[in-house]
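**Q** Produce the entire structure from the sequences given, and follow the hints as far as they go.
Residue numbers (my numbering), protein chains in the order written: chain P, 46 to 290; chain Y, 46 to 290.
Since the hints were derived computationally from the structure, they do not count as laboratory data. Given the structure is predicted, the values throughout are model-derived calculations rather than measurements. Wrong hints could be hidden among the right ones.
No distinction is drawn between identical chains; accordingly, a pair holds when it is met within one copy or between any pair of copies.
Stated by the list, open to error - Derived DSBU-like pairs (lysine-lysine); straight-line CA-CA distance at most 35 angstroms:
{"no.": "1", "residue 1": "Lys280", "residue 2": "Lys168"}
{"no.": "2", "residue 1": "Lys284", "residue 2": "Lys164"}
{"no.": "3", "residue 1": "Lys217", "residue 2": "Lys280"}
{"no.": "4", "residue 1": "Lys50", "residue 2": "Lys220"}
{"no.": "5", "residue 1": "Lys50", "residue 2": "Lys216"}
{"no.": "6", "residue 1": "Lys180", "residue 2": "Lys97"}
{"no.": "7", "residue 1": "Lys220", "residue 2": "Lys284"}
2 protein chains.
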Amino acid sequence: MNIPKSHPRFVSLSIREKIVKGYNDGLVAKEGLLAHGRGEAFDYLVGEKTTKVARYAIKAAAAKLLSAENPVISVNGNVAALCPKEIVQLAKAANAKIEVNLFYHDESRKKKIEKSLKKAGAKQVLGMNPRSYRKIGGLDSPRRIIDKDGIFVADVVLVPLEDGDRTEALKKMGKDVITFDLNPLSRTAQMADITIVDNVIRGMRLLVSACKKSKTAKNNFNNKKSLSSAISEIKNNLKRRGSLA
Amino acid sequence: MNIPKSHPRFVSLSIREKIVKGYNDGLVAKEGLLAHGRGEAFDYLVGEKTTKVARYAIKAAAAKLLSAENPVISVNGNVAALCPKEIVQLAKAANAKIEVNLFYHDESRKKKIEKSLKKAGAKQVLGMNPRSYRKIGGLDSPRRIIDKDGIFVADVVLVPLEDGDRTEALKKMGKDVITFDLNPLSRTAQMADITIVDNVIRGMRLLVSACKKSKTAKNNFNNKKSLSSAISEIKNNLKRRGSLA
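**A** Below, the structure written as structure tokens:
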């Protein structure tokens, strides 16, 4: 489909095309299409722009990544379809490893995701070698696999678009968790140490820039307060749009 | 997947299974999966229950359908996957016709939808015979087709989960439009005469009951006010959930 740039929903529709292409290419699961739809709805409510609160969370995330010993970026099908280049840039800027980690474990999908990351410039992609598999406790078998050289030994893990159970399991393992989640009420958003309530494409670009700039670590970030502000933002947008409609 | 009934999101996940099954069976388009995800997000914000405002809109919709000369229910892939039986029950209770009408026109998908409706008990399904095709003005070709014995001559059209452009086109043709839309800010929600801000499965069941009970037509329904109340409901839920989180 050719979407005219003048279309009021051009950006949202172009992003949707990326996810549908990712599905057609075998990177994205059916459930990933549904999850993307949920994200679209929350992005719409957030105003389809990076809010001030999100910018602040991005700065805190950059500081956390830069001060980590072993930062790891966890990549699933949707993330690989939406922003493979940004993932590679971020890994470089933050000196972080990249690990493929799927909610719906599937070897062939994993390989396609690895390929797309390598095409985008990734040198090393973890999570691919069964001999390196380790298990997270408290999760059923296909969802518990992590890489012994990646998330297993990481102190800080960036899990964009993650499932609540897995975020909880990572927290129980003592990891510092950074996430992108457009729903400030989700379990992942609530359990992470730093939640960036932003579209992953928009936010990841800003996170790359922040990692390139930032030198020192600030530590006065409060995720509860940040999420409260994100919720207020949505309420204000509803109010504004409701009165315009 | 076997979802335990105790799961806090049991109902939402069971509905998701219906839509994924509909996709696997060829009734639902890829874009339908994305659209369902958006619906899930708004249903979550509405509280995953039928609100008082929605009940009031359902009553008004029943009255409108019962007082119509030629009511028609427009069915797309998602609606056919989610509530085929309820559609057939409603057609009977409101003496309405059923027409298959797809945003992404596709003959083979249409036939599968017709088959599923007939399996659910529908005697007649319009929109299937190319010799009966008529066109709505103002839309690009594949989206403009309607049936000369159905929507073309209808005075009241129920279009659950409809696209904004098409709702606008139906309004321009002078139809009274009733819709189900969980996003009270959408163009369809804003342009329809009666918008039921509710999950289509929950709401359709209530609409069937209302049509069986109701005899007389009330006409003091105000869609603008109803949508404002729906928006307030979402704001209150955000406030409540935000403080619980």
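**Q** Does the structure break any of the earlier hints, and which numbers would those be?
**A** Violated: hints 1, 2, 6.
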